[in-house]
Every structure is written in structure tokens, then in C-alpha cells.
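Asker: Sequence:
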Amino acid sequence: MQAYEYKVVPAPRRGEKSREAKTTGDRFALALTGFMNTLGRDGWEYLRADTLPCDERSGLTGTKTTQHTLFVFRRPLGEGAATRSEAEVAAPPRLGPATDAPLGAAPAVKLDKP
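Going by the numbering used here, the final residue of the sequence shown carries number 1562, and the count climbs one at a time with no gaps.
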């Protein structure tokens, strides 16, 4: 089974200025193209875009919910990366008794009276 690492980044909110890009849509597409090509050169594969709610402070005591668009990228983990098998993930670790604790009564606590 292939293991991946993921990267989540906020989507660009503005387009890039360029002589070739005349409209707002063209400038925004240019910004997205540059952004995705930069991550692609580092080995990241575009997976999806999500729009998620986020509660933010508004004033001293208020909150407001805003929507943020996030891009999700992934890339395979390297050959040397340690991956856990499905059996290790499915079975929780077993906990046993502590063996390092000394046996006997706990020490007494002295209380100083003022």
C-alpha cells in the first residue's frame, strides 16, 4: 500500500499582474498556475480543493464564521521513510504493569505549621 504525506495550503486570493493577463479571471488563473507549478516541482500532486468554515473573533466578545478555500496536495513518502503496516495501525499497543516503581509504603509528607 502506497503511503503519502499531505500538505494543505490556502488558495490564493488575488491574481498576478501580467501583460498577457487582461481580465481578472486571466490574472487569477495565472496566479493559480504559478502556485501549482511551484508545488509540482517539489513533487506535490494536487488532490482537491476544500472550502471549510472557520470561527474568527469579531470585536471583543463576538465571533463570525468565514469560509476558507484550501488546496490539498500529496506526495509519496520516500523509500527510506518508516511506514506502519495495517496490522500495527489496527491493533492498539498493550499496556502492562509498571515494573520500575519501588515496592513498599509511600514516604510520609511533613507539614510545617506556622
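Among the clues, some could well be false.
Below, computed lysine to aspartate or glutamate pairings styled on EDC-like, alpha-carbon distance capped at 16 Å [unchecked claim]:
#, residue 1, residue 2
1, K1455, D1498
2, K1455, E1493
3, K1455, D1503
Pairwise CB distance ranges, derived in the manner of DEER restraints [claimed, not checked]:
#, residue 1, residue 2, range
4, F1483, E1504, 21 to 31 Å
5, R1462, Y1494, 32 to 42 Å
6, E1453, V1557, 48 to 58 Å
7, D1474, R1505, 33 to 43 Å
Honestly, the hints are just simulated from the structure, not real lab data. From the three backbone atoms N, C-alpha and C, an ideal C-beta is built for every residue, glycine too.
Asker: Give a verdict on every hint.
Answerer: Hints, verified against the model:
1. K1455 with D1498: Status holds; Cα separation ~13 Å.
2. K1455 with E1493: holds, 10 Å
3. K1455 with D1503: violated, 22 Å
4. F1483 with E1504: 21 to 31 Å: holds, 24 Å
5. R1462 with Y1494: 32 to 42 Å: violated, 20 Å
6. E1453 with V1557: 48 to 58 Å: holds, 50 Å
7. D1474 with R1505: 33 to 43 Å: Between D1474 and R1505, where Cβ atoms are some 36 Å apart, the hint holds.
When each numbered hint is compared with the structure, violations occur for hints 3 and 5.
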